[in-house]
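Asks: Spelled out, the chains give:
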Amino acid sequence: RKTLLSVLTQGVNTPGALYFHIGETEKKCFIEEIPDETMVIGKYRTQLWDKQTTSFLPSTPGLGMHVEIKDPDTKIILSRQYGSDGRFTFTSHTPGEHQICLHSNSTKMALFAGGKLRVHLDIQVGEHTNNYPEIAAKDKLTELQLRVRQLLDQVEQIQKEQNYQRFREERFRMTSESTNQRVLWWSIAQTFILIITGIWQMRHLKSFFEAKKLV
Amino acid sequence: MFGSLRVLLQVLWAHLLCGWVLGSELTFELPDNAKQCFYEDIIIGTKCTLEFQVVTGGHYDVDCRLEDPDGTTLYKEMKKQYDSFTFTAAKNGTHKFCFSNEFSTFTHKTVYFDFQVGDDPPLFPNENRVTALTQMESACVSIHEALKSVIDYQTHFRLRESQGRSRAEDLNTRVAFWSIGEAVILLVVSISQVLLLKSFFSDKKTTMTRVGS
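Those sequence lines, one after another, are chains Y and G. Be aware that the first sequence starts at 1, since it is given in our numbering, and climbs by one per residue. Be aware that the second sequence starts at 1001, since it is given in our numbering, and climbs by one per residue.
For the record, the hints were derived by calculation from the structure and aren't laboratory data. Treat the hints loosely; a few may be bogus.
Claimed, not checked - DEER-style ranges, computed between Cβ atoms: (1) G:HIS1156 - Y:LEU141: 29 to 35 Å; (2) Y:GLN181 - G:THR1072: 54 to 60 Å; (3) G:GLN1081 - Y:ARG173: 22 to 28 Å; (4) G:MET1136 - Y:SER176: 31 to 37 Å; (5) G:PHE1201 - Y:LEU184: 37 to 43 Å; (6) Y:GLU24 - G:GLY1093: 55 to 61 Å; (7) G:VAL1188 - Y:GLN81: 51 to 57 Å; (8) G:SER1138 - Y:ARG173: 32 to 38 Å; (9) G:THR1173 - Y:GLN190: 17 to 23 Å; (10) Y:ILE158 - G:SER1138: 19 to 25 Å; (11) Y:ARG173 - G:GLU1182: 23 to 29 Å; (12) G:CYS1037 - Y:HIS93: 32 to 38 Å; (13) Y:HIS204 - G:THR1107: 45 to 51 Å; (14) G:THR1134 - Y:GLU97: 31 to 37 Å.
Unchecked claim - List of simulated lysine to aspartate or glutamate pairs, EDC-like, C-alpha gap at most 20 Å: (15) Y:LYS28 - G:GLU1025; (16) G:LYS1080 - G:ASP1032; (17) G:LYS1198 - Y:GLU210; (18) Y:LYS28 - G:ASP1083; (19) G:LYS1035 - G:ASP1114; (20) G:LYS1148 - G:ASP1041; (21) G:LYS1035 - Y:GLU24; (22) Y:LYS70 - Y:GLU26; (23) Y:LYS27 - G:ASP1083; (24) Y:LYS43 - G:ASP1041; (25) Y:LYS116 - G:ASP1041; (26) Y:LYS70 - G:ASP1041; (27) G:LYS1148 - Y:ASP153; (28) Y:LYS28 - G:ASP1032; (29) Y:LYS27 - G:GLU1029.
As the structure is a computational prediction, the values presented were derived from the model and not from experiment. C-beta: ideal position from N, C-alpha, C; glycine also.
Please work from the sequences and hints to get the whole structure.
Replies: Structure (structure tokens):
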């Protein structure tokens, strides 16, 4: 009875009321722009289109999804194969755009006869990753303490985001200053080239005409 | 046995009422001439909000369309950069929303969307309180709501800043390439001008001498 209860609640806890369709060789990428030291938890569930029953089967054994996560410097920080239901976690060490890519590992064309795989996806970032009932049970917090804890986590996330914003603004400023410098130097160089070619043209033509005895 | 069955039913009912996922926030790439659809099963009477913003690409616009389970269009906008749409689900079932970049021939876009369904799940899942919250607790709740909107504003600010920054970086590379390109063009044009002029006078000279003799 207890196992039945736990199994049923487990089923209800599976992720993602949000879903989308993916083709067999299709790779779907999602971008998460996050500050550093931020935890990201992704959960997915797959369903395969069954032509016979013209509906989506609950879950397909043997069909897995390959998850690849790249950090802002395009270095791969996670590249793993998971089953038809999976859960992946990573913590960012550099602030910036992280890319989470999913594609199916199916090699048998027959599996995708209908051409559609339904993927339920749920990605939670930062303070949304905290499981408050669990924290309350572990640290034995009262309700008020738990609420304050939640507020503290939220404020910490806001602080991290502000820091990240400062970092980005600095990069933006550097790019703008570099553009400014380039435009300045190019204007000077262009004027210089113009004058030099003008002088060269005149001198060359003058010597040419003098040689031809036209001047 | 009935005790555990009751608990089970309560859990299922609670989940049904609250919804397991409070919202999905995703940023994805939409290639040119492509359409990407997302689906969500919504219970009747749930208040939902769809917010989207185009982060990079072209004129930063995208077509968005939201349909209810019977295919009726609840929201349709063409070439919008940013919008927010709140609705209450009038029917039970799978609602679908699509982003389309089919009007664009070669720019692919990055689109951010935030689809909130219902309210947040309560902090204590087995709480079914009907008693009022204490003053401290209601203060905490209002601070929580305020902070949520702060985080939301921060997200939108970050996306706008990202737009500005990618334009600036684009400009930077374009200036570099154009400077080199223009230098090359200048030199080529000035040298060919001189050569062309020289060739005019050389031909004339030979024809003149030929006619003379």
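Asks: Each hint should be assessed against the structure and marked as holding or not.
Replies: For each hint, the structure was consulted:
1. For HIS1156 (chain G) and LEU141 (chain Y), the Cβ-Cβ distance of about 33 Å falls inside the hinted range of 29 to 35 Å, so the restraint holds.
2. Range check, GLN181 (chain Y) to THR1072 (chain G): Cβ separation about 56 Å, and the 54 to 60 Å hint holds.
3. For the hinted restraint 22 to 28 Å between GLN1081 (chain G) and ARG173 (chain Y), the CB-CB distance of approximately 25 Å keeps it satisfied.
4. The hinted window of 31 to 37 Å between MET1136 (chain G) and SER176 (chain Y) is violated, with their beta carbons roughly 47 Å apart.
5. At roughly 40 Å, the beta-carbon separation of PHE1201 (chain G) and LEU184 (chain Y) lies within the given 37 to 43 Å, and the hint holds.
6. For GLU24 (chain Y) and GLY1093 (chain G), the hinted distance range of 55 to 61 Å is not satisfied, since their beta carbons lie about 27 Å from each other.
7. For VAL1188 (chain G) paired with GLN81 (chain Y), a C-beta distance near 55 Å keeps the hint of 51 to 57 Å intact.
8. Checked against the given bound of 32 to 38 Å, the beta carbons of SER1138 (chain G) and ARG173 (chain Y), roughly 43 Å apart, lie outside it.
9. For the hinted restraint 17 to 23 Å between THR1173 (chain G) and GLN190 (chain Y), the CB-CB distance of approximately 18 Å keeps it satisfied.
10. Between ILE158 (chain Y) and SER1138 (chain G) the C-beta distance comes to about 21 Å, which sits within the given range of 19 to 25 Å.
11. Distance hint check for ARG173 (chain Y) and GLU1182 (chain G): the Cβ-Cβ separation is about 26 Å, which falls inside the suggested range of 23 to 29 Å.
12. A beta carbon spacing of about 34 Å between CYS1037 (chain G) and HIS93 (chain Y) agrees with the range 32 to 38 Å that was offered as a hint.
13. Evaluation of the 45 to 51 Å hint for HIS204 (chain Y) and THR1107 (chain G) yields a pass: the beta carbon distance comes to about 46 Å.
14. For the pair THR1134 (chain G) and GLU97 (chain Y), the supplied restraint of 31 to 37 Å is violated, since their beta-carbon distance comes to about 43 Å.
15. Between LYS28 (chain Y) and GLU1025 (chain G) the CA atoms are separated by roughly 15 Å; this keeps the pair inside 20 Å, and the hint holds.
16. With a C-alpha separation of about 16 Å, the suggested pair LYS1080 (chain G) and ASP1032 (chain G) falls inside the 20 Å cut-off, and the hint holds.
17. For the hint pairing LYS1198 (chain G) with GLU210 (chain Y), the CA-to-CA distance comes to about 12 Å; that is within 20 Å, so the pair holds.
18. Of the supplied pair hints, the one linking LYS28 (chain Y) and ASP1083 (chain G) is violated, its CA atoms being roughly 24 Å apart against a limit of 20 Å.
19. The straight-line distance between the Cα atoms of LYS1035 (chain G) and ASP1114 (chain G) is roughly 17 Å, inside the 20 Å bound, and the hint therefore holds.
20. Proposed proximity of LYS1148 (chain G) and ASP1041 (chain G) is contradicted: the alpha carbons are some 24 Å apart, above 20 Å.
21. Between the alpha carbons of LYS1035 (chain G) and GLU24 (chain Y) the distance comes to roughly 17 Å, so the proposed pair stays at or under 20 Å and holds.
22. A hinted pair counts as satisfied when its Cα atoms are at most 20 Å apart, and LYS70 (chain Y) with GLU26 (chain Y) qualifies at roughly 18 Å.
23. Distance hint between LYS27 (chain Y) and ASP1083 (chain G) is unfulfilled; the C-alpha atoms sit about 27 Å from each other, more than 20 Å.
24. This hinted pair checks out: LYS43 (chain Y) and ASP1041 (chain G) have alpha carbons roughly 17 Å apart, not beyond 20 Å.
25. Taking the CA atoms of LYS116 (chain Y) and ASP1041 (chain G), the gap is about 18 Å. The hint holds against a cut of 20 Å.
26. Pair hint LYS70 (chain Y) plus ASP1041 (chain G) does not hold up; C-alpha atoms about 31 Å apart against a cutoff of 20 Å.
27. The hinted pair formed by LYS1148 (chain G) and ASP153 (chain Y) meets the criterion: a straight-line CA distance of about 11 Å does not exceed 20 Å.
28. With a C-alpha separation of about 15 Å, the suggested pairing of LYS28 (chain Y) with ASP1032 (chain G) holds against the 20 Å cut-off.
29. Pair hint LYS27 (chain Y) plus GLU1029 (chain G) holds up; C-alpha atoms about 11 Å apart against a cutoff of 20 Å.
Of the hints listed earlier, those the structure fails to meet are numbers 4, 6, 8, 14, 18, 20, 23, 26, in rising order.
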